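Just so you know, the sequences run in chain order A and B. Just so we're aligned, residue 1 is where the first sequence starts under the UniProt record's numbering, counting upward by one. Just so we're aligned, residue 1 is where the second sequence starts under the UniProt record's numbering, counting upward by one.
None of these hints come from the bench; they were simulated from the model. Owing to the predicted nature of the structure, the values given are computational and were not obtained by experimental measurement. A virtual CB, placed ideally from N, CA and C, is assigned to each residue, including glycine. Mixed in with the good hints, there may be bad ones.
Some but not every residue of chain A turned toward chain B, in silico, with C-beta under 10 Å [as the list claims (entries may be wrong)]:
1) Ser223
2) Ile257
3) Ser263
4) Gly321
5) Lys442
6) Ala446
7) Leu452
8) Ser497
Some residues of chain A that are not near chain B, with every Cβ distance over 10 Å (derived) [stated by the list, open to error]:
9) Leu11
10) Glu24
11) Gln74
12) Thr132
13) Lys134
14) Gln174
15) Pro233
16) Asn422
17) Ala471
18) Ala476
19) His507
20) Thr508
DEER-style ranges, computed between Cβ atoms [stated by the list, open to error]:
21) A:Glu331 to B:Arg179: 43 to 51 Å
22) B:Pro415 to A:Thr210: 17 to 25 Å
23) B:Glu419 to A:Pro244: 29 to 37 Å
24) B:Arg337 to A:Asn502: 38 to 46 Å
25) B:Pro415 to A:Cys193: 37 to 45 Å
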Amino acid sequence: MPTVVLMDSSLSMTRPVSQEGSEEFQRKNLAVHGLTMLFEHMATNYKLEFTSLVAFSSLWELMVPFTRDYNTLQEALSNLEDYDKTCLESALHGVSNIVQQEWGSTCPCQVVLVTDGALGIGRGSLRHSLHTLKQRVEDKKFPLPFPFPAKMFIMCIANVEELQSTDAMDNLEQLIGLNGGEGQIFTMEGPLCLKSVQSMFGKLIDQAYTPFYAVLHCGNLASDVQVFPRPEPVLVDEEVDPIPKAVQTDLEIVGFIEIADISSPPVLSRHLVLPIAVNKEVDEVGAGTTEDAEEEPSANQMAGKSPNFCVLLHGSLKVEGMVALVQLGPEWYGMLYSQADSKKKSNLMMSLFEPGPEPLPWLGKISQLGPISDAAENPYGEDDSKSPFPLQPKNKRSYAQNVTVWIKANGLQTDVQKILRNARKLPEKTQTFYKELNRLRKAALAFGFWELLKGVAELLERECTLLPDSAHPDAAFQLSHAAQQLKLASTGDSQYSAFNHNITPLHTDFSGGGAGDRM
Amino acid sequence: MKVTSSRFSHKTAFVVDHCPYMAESSRQMVECDMLTKSRGQGVIPLAPVSKSLWTCAVECSMEYCRILYDVYPTRKLVRSYVHYIVSDSEFHSLNSWRQEDQSTQELMAALASVGPPNPREDPECCSVLHGLVAAVESLCAITQYQHEARRTLMDVADRVANRGRIICLTNAKSDTHVRMLEDCVSETIQEQNKLAAGSDRLMPIQRCELVLVHIYPQGDDTLVSDRSRKELSSVLSSEVHSVRAGRHLASKLNILVQQHFDLASTTITNIPMKEEQHANTSANYDVELLHHRDAHLEFIKSAQPCFLCTGDLHMAGSTSRDSGLKETVTLKWCTPRTNNVELHYCTGAYRISPVDVNSRPSSCLTNFLLNGRSVLLEQPRKSGSKVISHMLSSHGGEIFLHVLNSTRSTLEDPPSISEGCGGRVTDYRITDFGEFMRENRLTPFSEGVLDASGRTSSERAKAQLERHTRYWPMIISQTTIFNMQAVVPLANLIVKESLSEEDVLTCQKTVFNLVDMERKNDPLPISTVGSRGKGPKRDEQYRIMWNELETLVKAHVGSSERHQRVLECISACRSKPPEEEERKKRGRKREDKEDKAEKNGKDADEKAWPDSERLKGPQEREKEEQTESEMIKDSPDSPEPLNKKPRLMSEEIQPPQKSKGPVSLLTMWTNRITATSRKHEVFAGRLNSVNNKAELYQHLKEDNGMDLHENGKATR
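Isolated chain A (complex conformation) (with noise of 0.2 Å):
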């Protein structure tokens, strides 16, 4: 999840914070101070995570375009100067471009607002934007909600009280309203100094930024990891109390299925698991190193060094073909399997699937799927020539199914030629003829198409009449015989009108002489 820093440098950030004895502070230099906290933290523990940093007053700016280079950032942040008047608008309208650019509209992002809550006057002013939303005209709509899903923090140099002397808070408030509810206001407590933006920043740090540890599990085989970006909770639909669905922290691998066999399924997010060394761990992992252990050669090295279950399993996958079907939580799936980035660099990846019994149609019901050794014989027959998926739906859909559509005027002219063709090949082609009758016959009788049914069988008789004299005789026989069967279906006679009865071909015999003459 892609996070923008929406920096504020407006004048307003100057001013300076009342504090006894040392020396003088700007707001400016707390929010740079706490940003800076944000970076520390990505760096060491969020290093995945793209980050930008946008600069804004009555105009706003791309500082630093998203990356993971944490210092081009901090180098970005304290070389910040100073701007005028604060407007929110046109920064939010920069945020949503930059990311839509970047990302698609699709990519849920983090949106980190750092301001002190001045939010300016007069025209471009929050307050003012807020005042007009509903007399906008089609190409000037407010930027909220952003076109991708987003979450957005906005972390206020500026303590409550001093907020809700204005209507500074209120405005706030609408705005994370008009983001869908999705967001938060931190605001600092007790006197603006460099502690309370701390705990600030920290605050964030622990709502947004904290990375999700997890063990995943194959039978007893098993292996700490963490799981990036972090999977965020899913709201499930037609739920009546809809509570958001958290992913477990034990990962559980249900079992193996062919890629060929999951076929690209959707996913709502996709994940690095990367595997960890959790500290006191490194012993139960590495056995083969626990006389080393005390002596500590490098924590990383050894950690290299000890077998992982993840590259095993990412090894494995990667030869063969195949995922890992992972259970995350009551009721939800995901899949591992490795993903390569370049020819050299490949990674243990998780995607995870809709929440729900059955994510995948062609797979059925997770909890339905089970080992091959249950089964009388191996469904994936003893060469792997076979397969038990994809799951065949209980009705075909139409387009797989032949049906007969007339609405243009073509679909019922190719039908009827289709039997002319085939009359005048007869008898050689009799069984395509009465196949390609029949099916006219049924659509014409669920249609109530009579006037059809009496027109093939004039168009059948008049070819009878057309027959050369070379034609074998047999031609003649099952042609007047078809039109003879589609006329007594046009007259609706139940006999003879019943929709699954099938008009057969006449039984002739010309080898023994006399013509059979069944009519």
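Using the hints provided, position chain B relative to the given structure of chain A.
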């Protein structure tokens, strides 16, 4: 109230007028005698046929249902049911809300039995009203899905919504007639809701949408005016569409089904297709598909007004919902180059239905997909870069439009797995774990299958994983037995939940085989890397091997009495009592190893593990084994174990009968095996044997040249 997805779409009641006036011709003529023109003179072409109003109404409503059933089949998110009712002097219900009745074939058969309206019937007795009343009653009836929802919600059952839509295809006489129909529906809803309030089997209608479609013949002037949706009461809203029969009606219902079910249209362009007449040329075709509009989410969102927007996000096609029912997003076909199966990052998959299902281009496309090929779809853009945004693919006879992620990934350039924990270890048992994964593949079982202990299929799958991993060393240099072909039969069997008598016998054979190998002093595939000199002595190697084998079997000893017997067999057969070995070893081994070995010795004496210890056992065992193997592998810079392939098997195994001395336990067993083996199918090797002496692993010699396998086992 957003409960259980029952929007209007959950229940749709079709009411089709079956009164005598519907038998009237639509006056849209269809020329079906096309071939005659090319056949010269003398042939009088057949007069064109025309569909009746009834035929037009039926085929368009069937098309509505076809699309609906294609895009929203059973059991998924939005469950859509159709109740089809025709009405003349009374109503005829052609199906029900039941799942089995929800298919076009069922409806076609039922329609055929009704037949076209009888023009001679007394028009005074006939009315579409009968059908409308029946439709309202039917909306009060509970569907399977609502029933289940009510049952699961129990105390909040009243929160299950009941909304529905009535689509009435009729030929009305005037606006007043239309108003009369509306009033009738409104009154019936009131009455039925009163009834339903006092019934467990009925649900009152909360909202009902009435869509009246007035159909009139081509060339006539309409007597009924169009009217957009109007609230008639708090429960009922109504709209009136006045449409000419024929293709106007078809496109009207096509628009309605898109509106009613949140559909959008995508046109696949540039589909190469062989010409029917000239097989060696190909032309490009377009095919239009309908699907849920969420497949266009990216386009809908980026088309939002945003005054700073730059770039070519707008290019992809615009789908503003208000104006855009006729609009379609165009995507370009990318001819698939390979049949490689790839795992794409897909953010959504939506079922499709071709607009023109039996046209040649449509059926070519769908057949191509149904045969198992996937097609990537590209956004046509003015400027340079190629963006693949969608994929068409079929799964089990259903075609889905997959939405692929086409923007920059937030996970780009991650650290490689080889840089992280365990990344520097090079001798993982990758091939073996691959084999393990194949054995633990999943397969669907029928609904509600529970085993004796009430576990579902997936719980059994997890239980199997647990059994198979009780002892599973991850790297080659941590194990001896899994590098030995000779152990495979036992290793495969012992993880089973239950063993047959024959399985036990196979395990015992494996053990005897090992005993035999030891007697002949065959080398073991123990890594010599890292140990000083030549590595452990042969007897030490066997001790390690036996210990490991015991660890494996002990991990399963709690499973059954037969598992226990395998362990007993090992304990009885393994070469020397550990104590004796200890004594021998003490002389030459380094002091620090002694403690561990003693521990092993003790463990070996344990006959069975208590159940409580069984689970934590493997890890501990593994640890011990690891410390054991550590002395072998743990050297400064030689991670690659050399002795991966067991060469021991190339020697012939002597038939035990020839061994000298008094009759050993082994001989007794072998005799018994020979006796019992006659009861079952004879081992192929034995059939081909000379003097009852079969050469085992005949191919090993041939393969000896290629020691490249990761371990000693033959790879698949």
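Now for the hints, and whether the structure bears them out:
1. Checking Ser223 of chain A against chain B: minimum C-beta separation of about 8 Å stays under 10 Å; hint holds.
2. Because the smallest distance between the Cβ of Ile257 of chain A and any Cβ of chain B comes to about 6 Å, under 10 Å, the interface hint for this residue holds.
3. Taking 10 Å as the C-beta cut-off, the interface hint given for Ser263 of chain A holds, the closest approach to chain B being about 6 Å.
4. Restraint check, Gly321 of chain A versus chain B: the minimum CB separation of about 7 Å is within 10 Å; hint holds.
5. Hint status for Lys442 of chain A: holds, given a least beta-carbon distance of 7 Å to chain B, under 10 Å.
6. Below 10 Å, beta-carbon pairs count as interface contacts, and Ala446 of chain A has one with chain B at about 4 Å; its hint therefore holds.
7. Taking 10 Å as the C-beta cut-off, the interface hint given for Leu452 of chain A holds, the closest approach to chain B being about 5 Å.
8. Annotation: Ser497 of chain A was flagged as interfacial toward chain B, and the flag holds, the nearest CB pair being 7 Å apart, inside 10 Å.
9. The beta carbon of Leu11 of chain A is kept farther than 10 Å from every beta carbon of chain B, the shortest such distance being approximately 24 Å.
10. Taking the minimum C-beta to C-beta distance to chain B, about 38 Å, the non-interface status of Glu24 of chain A holds against the 10 Å cut.
11. Look at Gln74 of chain A: its CB is around 20 Å from the nearest CB on chain B, clear of 10 Å, so calling it non-interface holds up.
12. A cut-off of 10 Å between C-beta atoms confirms that Thr132 of chain A is not in contact with chain B; the least separation is 15 Å.
13. Every CB of chain B lies more than 10 Å from the CB of Lys134 of chain A, the least distance being 16 Å, so the non-interface label holds.
14. Against chain B, the non-interface label of Gln174 of chain A holds: every CB pair exceeds 10 Å, the least being about 21 Å.
15. With a least CB separation of 18 Å from chain B, Pro233 of chain A remains clear of the 10 Å interface cut-off, as annotated.
16. Against chain B, the non-interface label of Asn422 of chain A holds: every CB pair exceeds 10 Å, the least being about 12 Å.
17. In this structure Ala471 of chain A is separated from chain B by more than 10 Å, as the shortest Cβ-Cβ distance comes to about 15 Å.
18. Annotated as non-interface, Ala476 of chain A keeps its C-beta farther than 10 Å from every C-beta of chain B; the closest such distance is 17 Å.
19. The claim that His507 of chain A is not at the interface with chain B holds, since no C-beta of that chain comes within 10 Å of its own (minimum 26 Å).
20. With a cut of 10 Å on Cβ distances, Thr508 of chain A stays outside the contact zone with chain B, its closest approach being about 26 Å.
21. The given range of 43 to 51 Å is respected by Glu331 of chain A and Arg179 of chain B, whose C-beta atoms sit roughly 50 Å from each other.
22. At about 20 Å, the beta-carbon gap between Pro415 of chain B and Thr210 of chain A stays in the expected band of 17 to 25 Å.
23. Under the hint 29 to 37 Å, the C-beta atoms of Glu419 of chain B and Pro244 of chain A, about 34 Å apart, fit the expected range.
24. Roughly 44 Å separates the CB atoms of Arg337 of chain B and Asn502 of chain A, a value that falls within the hinted 38 to 46 Å.
25. Roughly 38 Å separates the CB atoms of Pro415 of chain B and Cys193 of chain A, a value that falls within the hinted 37 to 45 Å.
Checked against the numbered hints given earlier, the structure satisfies every one of them.
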